[in-house]
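Enquirer: Here is how the chains run, residue by residue.
Number of protein chains: 2
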Amino acid sequence: MNTNAYAMPKGDASKGELKTPSCRFCHGSNGIAPQPNYPNLAGQQQQYLYDAMLAYTNGMRIGPMATMMKGQLQNLNTQDLADIAAYYSAMK
Amino acid sequence: MNTNAYAMPKGDASKGELKTPSCRFCHGSNGIAPQPNYPNLAGQQQQYLYDAMLAYTNGMRIGPMATMMKGQLQNLNTQDLADIAAYYSAMK
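In order, the protein sequences belong to chains A and B. With the UniProt record's numbering, you'll find the first sequence wraps up at 92, consecutive numbering, no jumps. With the UniProt record's numbering, you'll find the second sequence wraps up at 92, consecutive numbering, no jumps.
Excised from the complex, chain A in its bound form:
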């Protein structure tokens, strides 16, 4: 059942941390969202985080929040997304 996962570059959590300033306002500096309509990211599955970010980037999630996320991610490449996914998945 994981055949639909995107191929993901190897992520570097320490590099990912440097790429997350814009994530923190909504998802929390500790990966726990301060408002209940934003997801917690701390400890989330790495591949899922990567797939979800790509889905926003590729327009496969629709709506006001998805549009906002697409904008947030627009300057990040797939290596950046893998690094960010590694950072949050390793967070306790």
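None of the hints are false.
Cβ-Cβ distance ranges computed for the label pairs, FRET-style:
| id | chain 1 | residue 1 | chain 2 | residue 2 | range |
| --- | --- | --- | --- | --- | --- |
| 1 | A | Ser14 | B | Gln72 | 31 to 41 Å |
| 2 | A | Lys10 | B | Phe25 | 20 to 30 Å |
| 3 | B | Gln79 | A | Gln35 | 21 to 31 Å |
| 4 | B | Glu17 | A | Lys15 | 34 to 44 Å |
| 5 | B | Gln72 | A | Pro9 | 24 to 34 Å |
| 6 | A | Met68 | B | Ala7 | 12 to 22 Å |
Away from chain B, derived, C-beta distances all over 12 Å, residues of chain A:
| id | residue |
| --- | --- |
| 7 | Thr20 |
| 8 | Leu76 |
| 9 | Thr78 |
| 10 | Asp80 |
Source of the hints: derived by calculation from the structure; they are not laboratory data. C-beta atoms are modelled at their ideal positions from N, C-alpha and C, and glycine is treated no differently.
Here the structure of chain A is known, so what remains is to put chain B in place on it, guided by the hints.
Expert: Relative to chain A, chain B alone:
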């Protein structure tokens, strides 16, 4: 920034538990996904879980996994979704 959240019925976690047999295969009986391309649900924000399930139901998430999720949720009403969100958000 939470103005886009859907209005959510009050969820009952104990009723939610009874509605999750089909969730568990992919998201784990403890809410921790056994495969990395499925999200963990344990402790996730209640409103986000509800919004995400509605997004699948409403076709606002697209792709093979989203199609699968839409099918999984097709017989659940908004009260069911709120109960399921309450169940997983309360899980440690």
